[in-house]
Amino acid sequence: MSLLHEWQSLETRRRFLGRGANALGAAALTSLLGPTIAHAAPGTAATHFKPRAKRVIYLHMVGGPSQMDLFDYKPGLKDWYDKDLPDSIRKGQRLTTMTSGQARFPIAPSKFNFKQFGQCGMWMNSDLFQHLNKNADDICWMRSLNTEAINHEPAICAMQTGNQVTGRPCLGSWASYGLGSENDNLPAFVVLIATPTNREQEQAISSRLWSSGYLPGVHAGVSFRSKGDPILFINNPAGVSEDVRRKAIDGINELNRMNYRQVGDPEIHTRIQQYEMAFRMQASVPELTDLTKEPESTFTLYGEEARKPGTFANSVLMARRLAERGVRFTQIYLNNWDHHANVGGRMPSQVKDVDQPCHALIEDLKRRGMFEDTLIIWGGEFGRTIYSQGGLSKENYGRDHHPRCFTMWMAGGGAKGGAIYGETDDFSYNIVKDPLHISDFHATVVHLLGYNHERFTFKHQGLDQKLTGVLPAKVVKALVS
Amino acid sequence: MRQPLALLLLAAALGAAEVLPEKIVFNRDIRPILADKCFHCHGPDPGTRKAGLRLDTEAGFFIAAESGDAPVVKGQAEKSPLYQRLITKDKDDLMPPPESHKELKAHEIALLTAWINQGAPWQPHWSFIPPVKAPLPDVKNVSWAKNPVDRFILARLEQAGLKPEPEADARSLIRRVSLDLIGLPPSPDLIARHLPKDGARLSDAALGKLIDELMAMPAYGEHRARYWLDVARYSDTHGLHFDKYREIWPYRDWVIKAFNRNQPFDQFTVEQLAGDLLPNPTEEQLIATGLQRCNITTNEGGTIAEENLANYAADRVQTMGWVYLGLLTNCAQCHDHKFDPVTARDYYSMAAFFRNTTQGALDGNVKDGRGPILVIPTDADRPRWNALKQEIPAAQAALAEQRKSAAPEIAAWLKAVKAEDLQKDVAEGLLARFPLDEGKGVPAGTKSAGTVEWKKDGKLGAAPAVKKGSTLELGEVGKFDTMKPFSVAAWVRVAKAEGTGTIVARMEDRNAARGWSLFQGGRNYGFYLISKWPDDAIKVTTTRPSVRPGAWQHLVLTYDGKGKAGGLTLYVDGVRTEIRAEIDKLKTASVSEAPTFVGQRSQSEFLEGEVQDVRLYDRSLDARHAGLVFKVGPLARAVAMGKPNAQQQAALGEHYLATRHQGFRKTGDAVARLTSEQETIKNRNPITHIQEEKKDSEPFAHILIRGAYDKPGEKVAAAIPAVLGKLPEGEPRNRLGLARWIVSPANPLTARVTVNRMWQELFGQGIVKTSEDFGIMGAPPTHPELLDWLAVDFRENGWDVKRLYRLLITSAAYRQAAVMTPEKLAKDRDNSLVSRGPRFRMDGEMIRDLALAASGSLSPRMYGAGTLPYQPENIWEVVGMGTEKYVQDKGENLYRRTVYNFWKRMAAPANLDIFNAPSREMSCVRRDRTNTPLQALVAMNDPQFVEAARNLAQRVFMAGPNEDARLQAAAERVLGRTLRDDELKVLRGSLKDLRTHYAGRQAEAEALLKVGESKPQAEVPAAELAAWTMVCNQLLNLDETITK
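Protein chains in written order, with my numbering: chain A, 1 to 481; chain B, 1 to 1044.
Chain A on its own, in the form it takes in the complex:
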């Protein structure tokens, strides 16, 4: 049964129960009002099979982290310093216009040392990773991601929506659409923007990345902010207490009920429920964002940075709190991975921003028994070139965008811990084994959410639209535990 039909039958039932709403109203309820009002057991009725991940925390590294400086170890390159990338490797593939005019493409071997970690023997940058290396066996490593896009705007869009051109729903919206909400007073899909310690070269992040595209608007991400109101307009105006707000809503809803008796429009009923929901959100958000009740051990685990609003550590801690409260999909964006210059100077602080918090998140979810059904995703929109952009020294270099291979990782939620998937050539330039196109990655994530990506569709402009688009995509079973 398609999801559209699912809705329609839900609609029929709702009408039967006398709680009418138009199709969009119903969708709003499905997503936002949770199981008590909408469908019975979220994630079981509508999914194609039992989901492994009931919720997702997606850590998007904006700018495109350099795979060969973090995870894609290339020991043979020490002797290639400042030598030209062989044409047999580059094969005339297209470059961004930032380096396509360069006279030569000198190789910049990673300045960092690597070691193997865990039973799986994953090679990681051992100079910079001090925490996450302990989780090598919890993590499903994917070293052969690839995409067509070579610039940020289209590449982030492709990573998030499956298409380089804006206007499609993002992964979070699909998850909200597929799994609905698990809670009564928070949105199903939340977005947090973390501020990196270093802000040397940030890229644009826009709300189009968490728009619902052609899916109903209720599946759009709700951005939580670290300054000002955590959710736009969530706070009562100055001089309006919770008590006053309650009285005001009581009056509004009473008048709305009277109006309903006059005109009989079921939409008014939905409106009444949404004002109640708004009130519950207002009540629950301060509790959600109040970290003072977190024990000291939390900050030992996540680090002191987690106390500062807006840091990545703080955002990851918030993501855990959101997950606990039944938010389906939390998306965190962390900027400044666009290392066209100064990899040597910038990489240490970037890794420091993510290292301990990612480790902490995995450990914390394990302690709470949520690791099994919470999928964590980490990665950027593309990788970086082995050849240097701009000045090259052994200690410092820049790298341009590289779409043909990059590394991402997943953990929990049915992802196979300790798996190391895919292999690149000696220059981390082309994939030599098990390529993983971003559509395959999407198909696999959708699979973990309990859906067959081919049938996880939404009717739009006469077609059954899907995240994985029109070109073939496959679920990669080797990534699934």
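If you're looking for bench data, these hints aren't it; they were derived computationally from the structure.
Treat the hints with care, as some may be off.
[Unchecked claim] Below, a list of computed lysine-lysine pairs in the DSSO-like style, where the Cα atoms sit at most 27 angstroms apart:
id : chain 1 : residue 1 : chain 2 : residue 2
1  : A       : 227       : B       : 1010
2  : A       : 111       : B       : 455
3  : A       : 459       : B       : 102
4  : A       : 459       : A       : 474
5  : A       : 111       : B       : 468
6  : B       : 102       : A       : 50
7  : B       : 985       : A       : 247
8  : B       : 37        : B       : 105
9  : B       : 890       : A       : 227
Keeping the supplied structure of chain A fixed, place chain B upon it in accordance with the hints.
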């Protein structure tokens, strides 16, 4: 045969819908089945077509396919292979194949069977058949119909066994008409003038007068324009990456004016699609072409020009498809359309119309998007602006002529010129010059504490590497007084972007850093001029990153000696570079006693990099001399080395003209002066983006294989989709030809698509619900004959927009009460039969405008640059790159109509976005309409609404001291009606509670009243006004308030 019980029950449950119609109509009964179940493999797209069989064309059914037989034998289903393949038990033969997960229902097979047996009469898709006015259908309740619209509506209602609702009461109707025509609630005054005295319904004449009055208001055009601006994807930013300001608001204002002067829709269309191609286009006609410049653009570094241009053209084809043709032409970007007869060739033939233009691939992150633009000068500036259009080319021509005629004297000079001659050009006021190009040892005139390492790749020969331990001391030279003019120049190549260090300085590390220093601070260059740090000092740095590590750059810092940061100017590579003062507090004159250094202050701040050609002047240099200093070094070296190459000779020639040719300099100065005058006029006047055709080429495009910009296939000329015919003979094959065809009777689509959108604005949904898709997979029209009648009527009456709205609004269908009964809920749940008056939640703009209008604070000011009203703190911070700061307006702009809101694409105004405003990244012909808790939060908490509630409270105090009178006055302003007793009772109760609450809480009351910029009325006690403010806040939050 025994039927299983379940099946019988199912058949019973399905009931009447399963009865076959007497006469099968192909478009109604057959095509939808084929489109859903068959077209994917047997439709227009050859890429996915199987067995060569097409069921989307008439021929496909009746001509032998690859298998040898025609699929359909007219009148004989049993003999038709198509039928046999539907009912066979053989899984290999069955259609659709089981693995496709598509299955025909028994009823669908029955329809197909009956159709074949009736002779298989075929029809083209309905929207490709030209519309005609059908005779008005017969109805039973003839007297109900006010105009032809009603006959069509009533016929369907009677067919469905439904009766229309009675006409809405006069107040409801006045509110509805007001909201639909001007987008604002009726003022009490307007209601008073039009309300019948005796509680009667609004007569036809009274309604007519109301419509006249509303259509004459400027607010009419503002409201109509708002819908069109969604369609046009209008916005005030470029859209992608940095998403910076784009100036195109004159186009927005043009749209408002066009509706207000009731410009016929065909002209409205031609001017927007091809205004620039009309003979002697007026300024207004050029502004109109802004429609085509509203697409999102980028300036992201690294993007590929061809790809960007392909994307821009794709957006225009998509927009034209949705807006004018009701076709998802965008589906044919990568392959022939799966369902509609639009091929990839058609798609690129349409793209061709929009690709022969002068727009570039990058918008430059600047407001003019690097053109083409139109400057709209004030009357005062216009004469000079027009004159400059001749004067500048004339001066440029004179310059070119002089350059040409000077060739012989330049050649002679080149033979004789010596490096010293060139140095003399910049010798005035020169205290010292250090070439730093010796290539070995310690450079002439300097001392170094360490060994000097020489880099071969200097700007002017080998260059000394400067770092801690091997800087260069220049001694006593450069002993500048902080209150006298001087200049410092040098070539520099810094090693690191994150580095900081001194380039040239005479600065003491003791004595409060007395002295001067030209330095690198990370990505910026800067300069210190210090008598005593930090209170008697100047510090300036470049506003934007200007350091390019690893590249040679020339710097000239010049100072007028007047003790202010404004007297410092920095030139980078001969070009004046914007600097900002971080400290500007120099008070006293002083002279530094430290030696002058390259690469350090007296003891610290070491540079890492190379420096050459350091010059110190005891005067300030103007822009011309700064430019000469930049050029002379490399030129002199070229001469000194002998045999300058062609490029160097050309540069020397330019230098000759600039320094030694009297006439050329004069003309050059004139060009510069005129260009600068033009720039000044441009900068102080509005500009707007326009479309401009390339003059020297014909429109064409390449079919891009799978839509990829780097896989161009066959070259195609501009053409309309083949299924719609061809541009008539004699019409130009460009946008003008296209535009005229679009509004010609030969095009079956545009009039339908347009009246459908107008219908949608009033009734909440179109006669075709998928307003952008009139194709095979789009929703079929609920009232096909009505749609066609309206389309033809609209066109026959000169595309008169106001006339059409009047026709719809005066219909009995529109005037019905918006009341839902259980019967209607069951039989016409979404009101697609128009069995009652329209009732739906308004768009965010209307909700905000309503709050402003009801509270009496709406500004009537029209037009101009986008306004920046209240927005939550840091609203742009996370999305902005260089635009992260939202600077809110003050005063009147906070209360302007929402159509004037500044629209940033990466962050559409939050309080509109939450009410489903589109991002304006692409065309939007119908908005989503959700009902969410976030919307409740906006109307309850947004300062705009809270302040409006307080202003509303203050306003109703004018109704006198009586509490009920005040409540009624508030209700009339918000709802256009008075309150019933039970409603009054609720509000009285609220008021009582709130009064009690605020009575003891003066501080809370005052805090609430301080929301917003306008001042609360001082004479009303705070607690009383706070209580009333919250009651008005309640009124502004009612479902009825935000619903039309």
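Status of each hint after checking the structure:
1. 227/A <-> 1010/B: 22 angstroms, holds
2. 111/A <-> 455/B: Given that 27 angstroms is the threshold and the Cα spacing comes to 25 angstroms, the pair holds.
3. 459/A <-> 102/B: Within the cut-off at roughly 15 angstroms; holds.
4. 459/A <-> 474/A: Holds, at about 21 angstroms.
5. 111/A <-> 468/B: Holds: residue 111/A and residue 468/B sit about 24 angstroms apart, inside 27 angstroms.
6. 102/B <-> 50/A: The hint holds at about 24 angstroms.
7. 985/B <-> 247/A: Holds. Residue 985/B to residue 247/A sits at ~14 angstroms (cutoff 27 angstroms).
8. 37/B <-> 105/B: 11 angstroms, holds
9. 890/B <-> 227/A: This hinted pair holds, its Cα atoms lying about 23 angstroms apart.
Consistency note: the structure conflicts with none of the earlier hints.
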